[in-house]
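2 protein chains.
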Amino acid sequence: MAKTTASNSSAPYVVIIAGGKGERFWPQSRTARPKHLLPVVGQTPLLAQTLERVKGIVPAKNTFVITSAVQAREVAKVCRGLIPAANIVAEPVGRDTAAAVGLAAALVGARDPNGVFAVLPADHVIHDIKAYQIDLRAAFAAAGAADVMVTIGIPPNEPATGFGYIQRGEEWGRVGAGKTARTVFAVKRFVEKPKLELAEAYLKSGDYVWNAGMFVWSVPVVEAAFAAYAPELDAGLKKIRVALRKKSPLAAVLKRVYPTLVRISVDYALLEKSTNVVMLPASFDWDDVGAWPAVAKHFKADAAGNVARGEVIVEQGRGNLVFGEGGHLVTLLGVDDLVVVHTADATLVMPKARAQDIKALLAKVGLRKDAAKRL
Amino acid sequence: MAKTTASNSSAPYVVIIAGGKGERFWPQSRTARPKHLLPVVGQTPLLAQTLERVKGIVPAKNTFVITSAVQAREVAKVCRGLIPAANIVAEPVGRDTAAAVGLAAALVGARDPNGVFAVLPADHVIHDIKAYQIDLRAAFAAAGAADVMVTIGIPPNEPATGFGYIQRGEEWGRVGAGKTARTVFAVKRFVEKPKLELAEAYLKSGDYVWNAGMFVWSVPVVEAAFAAYAPELDAGLKKIRVALRKKSPLAAVLKRVYPTLVRISVDYALLEKSTNVVMLPASFDWDDVGAWPAVAKHFKADAAGNVARGEVIVEQGRGNLVFGEGGHLVTLLGVDDLVVVHTADATLVMPKARAQDIKALLAKVGLRKDAAKRL
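Chains as they are written, first to last, in our numbering: chain S, -2 to 372; chain P, -2 to 372.
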């Protein structure tokens, strides 16, 4: 647990990456209103829930949201009263997660060159906030105590093929004390989304966790990794760092620099190459709610297994997920295991089992003259 | 073909019975807007199509529409410009078809005590207007030439179990000349909706036609039948006849008399008992479009057998019937043989095969606080 540069004296930072295309929850989600801007589960948008979860650990002024230009307006609405408006930064174009993490490090570094910060996705569902906060505090402690990249891994409960996995190594150390103590492990390797048999083997071994895109580290550690493993990207990011240090208008420099940055994920660019990655297994529940059918398990179903929100009647049907909106009455008769979502301007009807194919449908929507307002 | 009372010199009359509860085409149809007020098939409401079909045979001033109080407003809208407003008569309460036929006879009788008139349903779909008009003219000729009750029977093309059947007897006579000549048959008996095996036997025999509720007769013939077979009902109807002869306000007398009339169908009350019923087999196409799935065959389907109206996308689905409304986009992914109907305030999703069970769903809608505006 050697420590060279990072400070553990000041309050930590959180940078929430609020991106996403808004495809899998169409028609509720749209390009300008993706999953994290919707109350897919719960009463508020998932982004607001994410902000609420880190409250108490990280001061509002230390909490940033990085989003896209097209979503900036809606993101600002959701963040109102939760974090300062100046802490919302819009990427002029999408450049994958490595660029976003570089931007995050620049934002935090301008405030505290040794700052410790978490990068968190905006659109996950976590109910056990207490366990979440203990884990996050432990990750901050680890990243403040040593020059490591801490990933929070999710112990798998099924052989999912939609996530990358992280294979853990030896115990790296313990952080925290008493009931809130957490064990952190070294990381053997990152593996990509596996086929089912491999996923089953990972699950059985007990050595693998899901890579949920939650990272905690210090500014110097991240910057050193960019310099070492992604020098080209680092050169671009440097311009952003300089602009922030000079207090130049950020939007202008992002507009100039961002389109020149290489598109690459932070996993590929840094984590898979770094030798100082450690993993803290999450003790909280976690769901990335990947598509409509995943929503159902977060709601109480009726006796026939139907989950309904809004004005809904299901007659002689089982296992349906039905979302209405705005007083419109959605009725199902004699159908099973369907997803039916009604919004003000569009309705979707599909079997739960076909939710992964929604892109094929949206491709057709995209061919319409009015695609811009439908997608 | 003996003739005693009716006159064949004056123009005939048509009385269209525009009743119906609006259940089977919910959510497009409602109590106040049943099937005949909707363009279920075609561009105009079925009632308007019915009025258009009799134009050229019967003058507009001789065409009446009997409807219910709750539908009167919408019926008046549809009839505007097609028939005089005074020819629309609203029953204050529904009393089945015998009472409506008695009212029809009273309305025609007040204009022409020997008038010949047709009673026609408002909500059937008929494409071959030329054949329809030839048949209707022939029926008028038969009813003008003899004291008979002419039913227009529909030669069955399938062993339907949802209609009553009429068994024909010997040839009664020929009406019309040349290409427009039609054979009229005596009627052996009326039979109720049969079980499937019986319906199959009827179809095979060639002796049976469907009872489509289309009757042509003269005022004296109808009045004589009421007097002979339904004297109680006749006593009530007499008050209506007297009021019409005296030109008393019709609405007031209907309000007083109608609730006292017995509920019975004209088939039970008169036709099954009368000995002077004859049948003219229709030479036109006919469909009563009994429920949503029946609509599909009147529209051009796409290559996958989907029929769509409005803004609809079906991706990887077959045999669906999808009705949108008002620019709302209805999308289906990976589903087959569904009926999906979207209206401004309600959406229905059901398999085509379950269309007959819609009443069970509507019973649930009826339990809602806002049932009045939903049904």
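Rather than coming from a laboratory, the hints here were simulated on the basis of the structure.
Cβ atoms here follow ideal geometry from the backbone N, Cα and C, with glycine treated the same way.
Just to be clear, a hint being listed does not mean it is correct.
Stated by the list, open to error - Calculated lysine to any residue pairs in the SDA-like style (CA-CA distance at most 25 Å, straight line):
id, chain 1, residue 1, chain 2, residue 2
1, S, Lys366, P, Thr340
2, S, Lys361, P, Asp333
3, P, Lys370, S, Glu308
4, P, Lys370, S, Asp342
Stated by the list, open to error - Computed Cβ-Cβ distance ranges for the label pairs, DEER-style:
id, chain 1, residue 1, chain 2, residue 2, range
5, P, Lys18, S, Lys294, 36 to 44 Å
6, P, Asp299, S, Asp284, 37 to 45 Å
7, P, Pro228, S, Ala301, 36 to 44 Å
To be verified - These stretches of chain P come out as covered by chain S in the derived footprint (C-beta under 8 Å, 3 or more residues):
id, segment
8, 50 to 57
9, 228 to 240
10, 348 to 361
Violations among the numbered hints, reported as their numbers in ascending order:
Structure breaks hints 7, 8 and 9.
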